[in-house]
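There are 2 protein chains.
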Amino acid sequence: MGDPAGIGPEIIARSMASPGIKGLAIFVVIADSAVMRKALDDEGVVFSAVPAGSEMVVLAEDRVNVVAVPTNSGRIEPGKPTELGARCALECLDAAADIIKTNKEILRKAIVTAPVDKSRISGIYPGFVGHTEYFQELFSAKMITMVLIGEHLRVVPVTRHIPLKDVPGALSVKLIRDTLAQVVDNRCMICGKQDARIGIAALNPHGGEGGKFGGEEVDIIIPAVNEAKKTYPYMVGPIPADTIFYKAMKKELDIVVSMYHDQCLGPFKMVDFASGVNMTLGLGCVRTSPDHGTAFDIAGKGIASSSSMESAIQLAVKAIS
Amino acid sequence: MGDPAGIGPEIIARSMASPGIKGLAIFVVIADSAVMRKALDDEGVVFSAVPAGSEMVVLAEDRVNVVAVPTNSGRIEPGKPTELGARCALECLDAAADIIKTNKEILRKAIVTAPVDKSRISGIYPGFVGHTEYFQELFSAKMITMVLIGEHLRVVPVTRHIPLKDVPGALSVKLIRDTLAQVVDNRCMICGKQDARIGIAALNPHGGEGGKFGGEEVDIIIPAVNEAKKTYPYMVGPIPADTIFYKAMKKELDIVVSMYHDQCLGPFKMVDFASGVNMTLGLGCVRTSPDHGTAFDIAGKGIASSSSMESAIQLAVKAIS
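Quick mapping for you: the protein sequence lines, in order, are chains G and P. Take 0 as the starting number for the first sequence in numbering that gives the first Met the number 0 and just add one per residue. Take 0 as the starting number for the second sequence in numbering that gives the first Met the number 0 and just add one per residue.
A hint or two may mislead.
Copies of the same chain look alike in the list, so a pair counts if it works inside one copy or between any two.
[Unchecked claim] In silico SDA-like cross-links for lysine to any residue, where the CA-CA straight-line distance does not exceed 25 Å:
hint	residue 1	residue 2
1	Lys21	Ile123
2	Lys300	Thr242
3	Lys211	Met142
4	Lys246	Asp296
5	Lys100	Ala318
6	Lys246	Gly292
7	Lys37	Ile302
8	Lys300	Gly191
9	Lys250	Phe272
10	Lys250	Asn225
11	Lys108	Gln135
12	Lys211	Ala140
13	Lys108	Leu58
14	Lys317	Ala180
15	Lys100	Ser304
16	Lys250	Gly149
17	Lys211	His160
18	Lys246	Ile302
19	Lys211	Gly126
20	Lys246	Ala273
21	Lys250	Ile297
22	Lys246	Ala294
23	Lys100	Gly126
24	Lys173	Ser17
25	Lys211	Ser121
26	Lys211	Tyr124
27	Lys211	Phe138
28	Lys249	Glu150
29	Lys300	Glu132
30	Lys249	Gly292
For the record, the hints were derived by calculation from the structure and aren't laboratory data.
Using the sequences plus the hints, can you model the full thing?
Right, here's the structure in full:
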């Protein structure tokens, strides 16, 4: 559900009512039950309450299954974030991971998350950075990769939520090579192509110009790309970061692997602002989410667009089909 | 002229023949004369040779004035870059600066440059980084600012051609404040608005999230913006770099001041790839150039687009009008 005071509940309900989503899979919504019931009622979505706990033995196929989390309170108001809501959002994530892990018989499983209030969650759970890293912990995943999938671009940051000054030091041949391997393994899920062309961005302006503006291309990126090419040849890079995304938009590349967060997020949001989907690789189950925030300012007003959430659900279903 | 073996000569000639440019100003083309004559002849442009030397006493108003540089050779072939060509390009820059500096009676003056082969020039002139920094030296300019002007975005990098790892250390309250002051002084030239809304990008992912992903926002950028606001209030920032360019594209901001090269060039080229103009502030004279390279691969084939060069000329003329 994400933060119960954000747009999460309503975009989930709107997605469940959407002709493009209805019947696509068996849906289990993990939520504050009062908030979620209201949102589903508002959209005329039929649902059943499923008892809390990790065993999902009886699931309805013809309606939405709602699992209430312990903090379930009914004291949440749209647009008014509280610590209680942040706690509730965090419990939804825990419950989702728990359900996935303990219901091993459900082989094709995926989690779709709604936006959370990171700063409030980090007040309860210090060190909380985002869904991606939190799930990495919950699933004890050694190596995970974040992918942003839009209509025009598909981008992968090698480093994520770290200060810019720590980026050059965090890059290594191993990290780039392992990220490329995870992208290669999941290329069909990311872009639907067995022979996806993967471009790798440089770190420095103009790709370092042979070491004049920085040495990481020569010392780290080129060796990593050369190693990765041995098992998957359709790779090119490093390409200067000011042109690689343009090339991808012009369909010269299918996936761009970039060195840091803003390097790919800036260009990505220029062309896929509203429609982006965030996907995590390496968890052992599929996880997607819309690429926008809680939007507390418009929550509960019935104007939030569910298009990114619907894309996230469709992508998750496609990935496990 | 830029590199004589690149697309410079032909896009200059094509611009001189263009109805949007012809008669707009008195034009002096500083070039390898054989290469330039051929290019102008190909486009049917009428021109006169002007004697070399820095005193531009007799200039034709009804035709293009061509000044030949000393390396003038006639041994240049399109698409075949040579050291001789690089030397010629460098001499064109020297001659342009010299003409501007010694003809003080010509008050309204501007330089438009064509693309050069930076790596070959740096073989002749070690430390050559680009036009911007070279002109800073020629004009003994204390502080210069590079601006990229496109149809959709107008962006300014606070730091330019330095390794990414050196960016955080290069940022200071003074540098950001001085850059903002230069942008404010030239805001009408940049975007035609007296009350231009200037957005300032953050350095770290999500704007550092209050110090969690880096402290430069709190320590450097916010104090600099607060200081700059005292003299010019229409400023907002720091704004996370993954959304600020989208906001500018949606016309919520007129100019974006960013912290480093790829931070603004990536998003800029997504939407203004072919039409961008590069402008240098702080030289004491206007200087613009198209925002593309020498394109040796298509030079001399008659297919290079002169649209960015024409925009650069138009912007320069407008700036001195």
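Cross-check of the supplied hints:
1. Lys21 <-> Ile123: neither (35 Å within a copy, 67 Å between copies)
2. Lys300 <-> Thr242: Answer is between; shortest inter-copy Cα gap is 23 Å, intra-copy 40 Å.
3. Lys211 <-> Met142: between (32 Å within a copy, 22 Å between copies)
4. Lys246 <-> Asp296: between (36 Å within a copy, 17 Å between copies)
5. Lys100 <-> Ala318: within (18 Å within a copy, 65 Å between copies)
6. Lys246 <-> Gly292: Between copies, since 16 Å is at most 25 Å while 28 Å is not.
7. Lys37 <-> Ile302: within (16 Å within a copy, 61 Å between copies)
8. Lys300 <-> Gly191: neither (36 Å within a copy, 38 Å between copies)
9. Lys250 <-> Phe272: both (18 Å within a copy, 15 Å between copies)
10. Lys250 <-> Asn225: within (23 Å within a copy, 42 Å between copies)
11. Lys108 <-> Gln135: within (16 Å within a copy, 60 Å between copies)
12. Lys211 <-> Ala140: Result: close only across copies, 23 Å inter versus 38 Å intra.
13. Lys108 <-> Leu58: Within one copy only: 14 Å inside, 76 Å across.
14. Lys317 <-> Ala180: Within one copy only: 21 Å inside, 52 Å across.
15. Lys100 <-> Ser304: neither (31 Å within a copy, 58 Å between copies)
16. Lys250 <-> Gly149: Both: 13 Å inside a chain and 22 Å across chains, each within 25 Å.
17. Lys211 <-> His160: For Lys211 and His160, only the inter-copy Cα distance (9 Å) is at most 25 Å; the intra-copy one is 28 Å.
18. Lys246 <-> Ile302: Between copies only: 20 Å across chains, 35 Å inside a chain, cut-off 25 Å.
19. Lys211 <-> Gly126: Intra 37 Å, inter 9 Å, cutoff 25 Å: inter-copy only.
20. Lys246 <-> Ala273: both (21 Å within a copy, 13 Å between copies)
21. Lys250 <-> Ile297: between (35 Å within a copy, 21 Å between copies)
22. Lys246 <-> Ala294: between (32 Å within a copy, 16 Å between copies)
23. Lys100 <-> Gly126: So Lys100 and Gly126 pass the 25 Å test inside one copy only (23 Å; across, 58 Å).
24. Lys173 <-> Ser17: neither (43 Å within a copy, 53 Å between copies)
25. Lys211 <-> Ser121: Between copies, since 10 Å is at most 25 Å while 41 Å is not.
26. Lys211 <-> Tyr124: Answer is between; shortest inter-copy Cα gap is 14 Å, intra-copy 43 Å.
27. Lys211 <-> Phe138: between (42 Å within a copy, 24 Å between copies)
28. Lys249 <-> Glu150: Classified as both; 12 Å inside a copy, 19 Å across copies.
29. Lys300 <-> Glu132: neither (31 Å within a copy, 52 Å between copies)
30. Lys249 <-> Gly292: between (28 Å within a copy, 19 Å between copies)
Taken one by one, the earlier hints fail for this structure at numbers 1, 8, 15, 24, 29, listed in ascending order.
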